[in-house]
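> Listed here are the chains, written in short residue letters.
Protein chains: 2
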Amino acid sequence: MPEAGLIFPRDEFRGRVNRLQSHMQAAQIDALLLTTPADVFYVTDFLTRFWESPARPWFVVVPATGDPVAVIPAIGAELMGRGWISDIRTWDAPDPVDDGVTLLADTIAELVPSGGTIGLPMGLETHLRMPVQDFTRLTALIVPRRIADATAIVQRTREIKSEGEIAKIRAACAIADRAFARVPEFAQAGRPLNHVFRDFQITLLQEGADWVSYVAGGAGQGGYGDVISPATSAPLCDGDILMLDTGAVREGYFCDFDRNYAIGAPDDAARRAHAALYAATDVALNTLRPGMTAADLHRILTDALRAEGATPGGGRLGHGLGITLTEWPSLTAKDTTVLREGMVLTLEPGVQITPDKIMVHEENIVLRAEGPELLSARAPQELPQLD
Amino acid sequence: MPEAGLIFPRDEFRGRVNRLQSHMQAAQIDALLLTTPADVFYVTDFLTRFWESPARPWFVVVPATGDPVAVIPAIGAELMGRGWISDIRTWDAPDPVDDGVTLLADTIAELVPSGGTIGLPMGLETHLRMPVQDFTRLTALIVPRRIADATAIVQRTREIKSEGEIAKIRAACAIADRAFARVPEFAQAGRPLNHVFRDFQITLLQEGADWVSYVAGGAGQGGYGDVISPATSAPLCDGDILMLDTGAVREGYFCDFDRNYAIGAPDDAARRAHAALYAATDVALNTLRPGMTAADLHRILTDALRAEGATPGGGRLGHGLGITLTEWPSLTAKDTTVLREGMVLTLEPGVQITPDKIMVHEENIVLRAEGPELLSARAPQELPQLD
Numbered sequence: 302m303p304e305a306g307l308i309f310p311r312d313e314f315r316g317r318v319n320r321l322q323s324h325m326q327a328a329q330i331d332a333l334l335l336t337t338p339a340d341v342f343y344v345t346d347f348l349t350r351f352w353e354s355p356a357r358p359w360f361v362v363v364p365a366t367g368d369p370v371a372v373i374p375a376i377g378a379e380l381m382g383r384g385w386i387s388d389i390r391t392w393d394a395p396d397p398v399d400d401g402v403t404l405l406a407d408t409i410a411e412l413v414p415s416g417g418t419i420g421l422p423m424g425l426e427t428h429l430r431m432p433v434q435d436f437t438r439l440t441a442l443i444v445p446r447r448i449a450d451a452t453a454i455v456q457r458t459r460e461i462k463s464e465g466e467i468a469k470i471r472a473a474c475a476i477a478d479r480a481f482a483r484v485p486e487f488a489q490a491g492r493p494l495n496h497v498f499r500d501f502q503i504t505l506l507q508e509g510a511d512w513v514s515y516v517a518g519g520a521g522q523g524g525y526g527d528v529i530s531p532a533t534s535a536p537l538c539d540g541d542i543l544m545l546d547t548g549a550v551r552e553g554y555f556c557d558f559d560r561n562y563a564i565g566a567p568d569d570a571a572r573r574a575h576a577a578l579y580a581a582t583d584v585a586l587n588t589l590r591p592g593m594t595a596a597d598l599h600r601i602l603t604d605a606l607r608a609e610g611a612t613p614g615g616g617r618l619g620h621g622l623g624i625t626l627t628e629w630p631s632l633t634a635k636d637t638t639v640l641r642e643g644m645v646l647t648l649e650p651g652v653q654i655t656p657d658k659i660m661v662h663e664e665n666i667v668l669r670a671e672g673p674e675l676l677s678a679r680a681p682q683e684l685p686q687l688d
Numbered sequence: 302m303p304e305a306g307l308i309f310p311r312d313e314f315r316g317r318v319n320r321l322q323s324h325m326q327a328a329q330i331d332a333l334l335l336t337t338p339a340d341v342f343y344v345t346d347f348l349t350r351f352w353e354s355p356a357r358p359w360f361v362v363v364p365a366t367g368d369p370v371a372v373i374p375a376i377g378a379e380l381m382g383r384g385w386i387s388d389i390r391t392w393d394a395p396d397p398v399d400d401g402v403t404l405l406a407d408t409i410a411e412l413v414p415s416g417g418t419i420g421l422p423m424g425l426e427t428h429l430r431m432p433v434q435d436f437t438r439l440t441a442l443i444v445p446r447r448i449a450d451a452t453a454i455v456q457r458t459r460e461i462k463s464e465g466e467i468a469k470i471r472a473a474c475a476i477a478d479r480a481f482a483r484v485p486e487f488a489q490a491g492r493p494l495n496h497v498f499r500d501f502q503i504t505l506l507q508e509g510a511d512w513v514s515y516v517a518g519g520a521g522q523g524g525y526g527d528v529i530s531p532a533t534s535a536p537l538c539d540g541d542i543l544m545l546d547t548g549a550v551r552e553g554y555f556c557d558f559d560r561n562y563a564i565g566a567p568d569d570a571a572r573r574a575h576a577a578l579y580a581a582t583d584v585a586l587n588t589l590r591p592g593m594t595a596a597d598l599h600r601i602l603t604d605a606l607r608a609e610g611a612t613p614g615g616g617r618l619g620h621g622l623g624i625t626l627t628e629w630p631s632l633t634a635k636d637t638t639v640l641r642e643g644m645v646l647t648l649e650p651g652v653q654i655t656p657d658k659i660m661v662h663e664e665n666i667v668l669r670a671e672g673p674e675l676l677s678a679r680a681p682q683e684l685p686q687l688d
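Taken in order, these protein sequences are the chains called L and C. Under my numbering, the first sequence has 568 at position 267, and the numbering climbs by one with no breaks. Under my numbering, the second sequence has 480 at position 179, and the numbering climbs by one with no breaks.
Do not rely on the hints blindly, as some may be mistaken.
Stated by the list, open to error - Residues from chain L that face chain C, not an exhaustive set, calculated with beta carbons under 10 Å:
| # | residue |
| --- | --- |
| 1 | PRO310 |
| 2 | ASP312 |
| 3 | GLU313 |
| 4 | ARG357 |
| 5 | GLY377 |
| 6 | ALA378 |
| 7 | PRO395 |
| 8 | ASP400 |
| 9 | LEU404 |
| 10 | GLY417 |
| 11 | LEU421 |
| 12 | PRO531 |
| 13 | LEU626 |
| 14 | GLU628 |
| 15 | THR637 |
| 16 | VAL639 |
If you are wondering where the hints come from, they were derived from the structure by calculation, not from laboratory data. Each residue gets a CB set at the ideal place from its N, CA and C atoms; glycine is no exception.
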């Protein structure tokens, strides 16, 4: 069991930092600067919903050797102090004159030799969670140190999940499995979609989610037009296909999968779409192996959909999963990331039923040496019907 | 009533864009580039929890005249198309080769004359939600156009809420009021704090929240040490002070206030702390007027706490509220933002009870010509007791 207040044992964090430092050494990076909720949580155990407030930046510096240093608003000192790192430097934020910039610059100057390089995630699927003007000021303050891209360092480390992490994601998936099994309790013809969304969130909490960071879905005759909209007050109707998708969180780790339901008897096109999605997922579950790329897996899914006579939907057909709802890689034709043992992924094939109707189907897996292991309970083969 | 699918009538959005454009003209800014969920929602009506996925950047360009232009991932086209703007340009994201950068650069080149200036929020409480490398590339692609800070343009516009916005925030507050009234149903001695947090979220959803973006709080003997931590499984005990704080969301608008409860009979120090917080809030409610600054309001609250014999806590004592859990200004000694009619604020005095115990108290108000109007139902004057 982890120590009181820590989500993982201290060794888990030391292992993560060691792996980051090993990548840093290979890339001649003298320190990493991390600013996002996920990156900060990954190295420090600092988990809070307070990131919802955009008011304050938070910084963690990972030096070439030794433990990370937190440079954070004073309001976070108590919580950070419960974690495993001991060097915590604070300022009273928000400060319109100097919102932590000189404190961060001084910390970097102390940890990175003159002429050294600070790695910062600056590539695809990243952003810098601090004001642009402060970043410009920081860059000038730390001269002759320079900043270089560290996206690969962070991604190659974070994308391989420990067994402890996999257990957390499995627990989040089990919560969603139980909630999906209870959808017939609250989704029937006549029920407004926004009530269904609300009840689904309540059910996820009742089944053990710490919080529900993401619920989306759609409903429409024979399929839905979109998978990212909030719910309207339109009632479910006979002939609708209802899709619910969730990223529920347990101890900082997400699940991310969806389920489809027919309201009354589904039409043949919807049945066929669901069967094709199920079959394509089966092909991926049976053939995916470490060493393939994200693009290979995208092709496996699109080929399998076409073999079933279905039209693959556009966009990515799955992605990484863990501390955020979606992580790299993206299952697209252009993403050449190598899929390795220990990666947690969503398989998310989608089909176009008509020009304005789609259906998507999603499972969560961990990639093992011998192939995928399901973390979500497999969806039913037949589209389930709610009466 | 707004048109189908729109959270506000079209005129609300045209008014917002007109106000932004008027500020832009005064600052000689030829277009605004917006990238965050709140800024994008503010000008387009695009409301989705899909922002939870960090995979894709989203852009909206507000030209000097005319309607905003959306430059977004294709997955958002359907939802953006239900809103009021018609110029929606999409790419298949995430794209490791060009994740919307040339499409955005081309759009800017079309809307901004050569030598013109693009405004971007780059100051306090902002961040740029796109990869740093892509921003560097964008900056080069749009030369001889240059980028300038537009924080004040966005903040001076967004901080004054329309009556439609105030009604949404009031509705979110009413949901939390009803949920706080039901806390005695699920918080008693012996109940683990994480169960209380979960039940509180369920209650907020039952009372009408679309989703619950923020729940925090604390519990401890005679006060709590921290207000941003997730809940532990420690049971509530006689003598504890329990604080629950929520940012529940209804139609894209937040409430943000807390309530304190004594588990069993509170000790005198806790009673006095609550009385001082209540009294200081009353002083602010009675004396705050448009034209004062955030720093003036900070001083009103700290002076009133000291007059009650209490020790004011560090950090800010309130902030703006609206589309995000916290907005500028910050009620600190350093924030000289002028408080104007139509601003929605939290009043959040905190006191230090012992070196490691605090108590905080929060209400939500809209500032009217004649002073504050409460949006949250006033907290009880006496610390309520849960048995």
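> Given a cut of 10 Å on the nearest C-beta pair, is the interface hint for L/GLY417 held or broken against chain C?
violated (19 Å)
> Is the hint on L/GLU628 kept, meaning its closest Cβ partner in chain C is under 10 Å away?
Holds, about 8 Å.
> Are L/PRO310 and chain C close enough, Cβ to Cβ, to be under 10 Å, as the hint says?
violated (17 Å)
> Was the hint right that L/LEU626 lines chain C, CB cutoff 10 Å?
holds (5 Å)
> Tell me if L/LEU404 is really an interface residue toward chain C, meaning its C-beta lies closer than 10 Å to one of theirs.
Constraint on L/LEU404 not satisfied, violated at 15 Å.
> Can L/GLY377 be said to touch chain C, with a Cβ gap under 10 Å?
holds (6 Å)
> Checking hints one by one. Is L/PRO395 an interface residue toward chain C, by the C-beta closer than 10 Å rule?
Given a least distance of 5 Å, the restraint on L/PRO395 holds.
> Hey, does the L/ALA378 contact hint survive, CB to chain C under 10 Å?
At 9 Å from the nearest chain C Cβ, L/ALA378 passes the 10 Å test, so the hint holds.
> Does the CB of L/ASP400 sit less than 10 Å away from some CB of chain C?
holds (6 Å)
> At a threshold of 10 Å, is the proposed contact between L/ASP312 and chain C supported by beta-carbon distances?
violated (21 Å)
> Interface hint check: L/GLU313, Cβ to nearest Cβ on chain C, cutoff 10 Å. Holds or violated?
Since the shortest Cβ distance to chain C is 18 Å, the answer is violated.
> Quick check on the hint: L/VAL639 CB to chain C CB, less than 10 Å?
violated (14 Å)
Consistency with the previously given hints fails for numbers 1, 2, 3, 9, 10 and 16, ordered from lowest to highest.
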